[in-house]
Amino acid sequence: MTYKPEFLARITERRAALRAELAALLPARPALTWEIGSGHGHFLVQYAAAFPEKFCVGVDIIRDRLNRSGKKRDRAKLANCHFVQAEAREFFDALPSGATLQEIWVLFPDPWPKKRHHKNRILQADFFEALANRAGEGTRLYFRTDHTEYFRAVATLLPALKTWRLDPAAPWPLEQETVFQARAPAYQSLVAVRTSHPATPTETAAPRPPPPVGPR
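In this text, residue positions in the sequence shown follow the working numbering: the first is 2, and each later residue adds one.
Please note: incorrect hints may appear among the correct ones.
As the list claims (entries may be wrong) - Straight line, CA to CA, 25 Å or less: simulated PhoX-like cross-link-like pairs of lysine-lysine:
| hint | residue 1 | residue 2 |
| --- | --- | --- |
| 1 | K163 | K120 |
| 2 | K55 | K78 |
| 3 | K73 | K55 |
| 4 | K72 | K55 |
Read the hints as simulated data drawn from the structure, not as lab findings. Given the structure is predicted, the values throughout are model-derived calculations rather than measurements.
Assemble the whole structure, with the sequences as input and the hints as a guide.
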């Protein structure tokens, strides 16, 4: 696909600003607990409070959610919890070279239920492989959803990847109800663990528009 120069310039500018923001945020804190789609911050603020030794960063693309999250963090007076406005893949590509992922949380992501929209789902094979490049052996990924088909797709995909394995016995470190969890009549959870298998090197994604915000 060919993009207009104006679009490419905006993408380049946004990515440069994000790299600068993360370089300032993470100069001496390379191991992250990362929540993708942190919403209103209910979970990550409580998690950061429960585990003060962990450096927690949540990303979301909606400014109002980030403002609410920041207020919760400030009321709790947490120095180990931060929120960044970014699309998940761009945030990942903008991480400083020494930054690693200690934990990854994906709670109630947009399921994009229509088959023609499945390509917009965040949890896909290429993204898991990219995450593996920043994750050390033993890094854990926590996934929870109320969409049965999405859960089955991820639970089927992970065993096929050499860089991640399912860990049914792994505990869920903290239960904190989020906005979307409160709305869900039922949900399913899984934990995946980074194996020692080498990851396939990945390149920075080409400029593209972020997927539109779904109904979540």
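We went through each hint and held it up to the structure:
For the hint linking K163 to K120, the alpha-carbon distance of about 22 Å falls within 25 Å, and the restraint holds. Restraint check for K55 and K78: satisfied, since their Cα atoms lie roughly 15 Å apart, inside the 25 Å limit. At roughly 17 Å between alpha-carbon atoms, K73 and K55 fall within 25 Å of each other, so this suggested pair holds. For the proposed pair K72 and K55, the alpha carbon gap of about 20 Å is at most 25 Å, so the pair holds.
The structure is consistent with each of the numbered hints, conforming to all of them.
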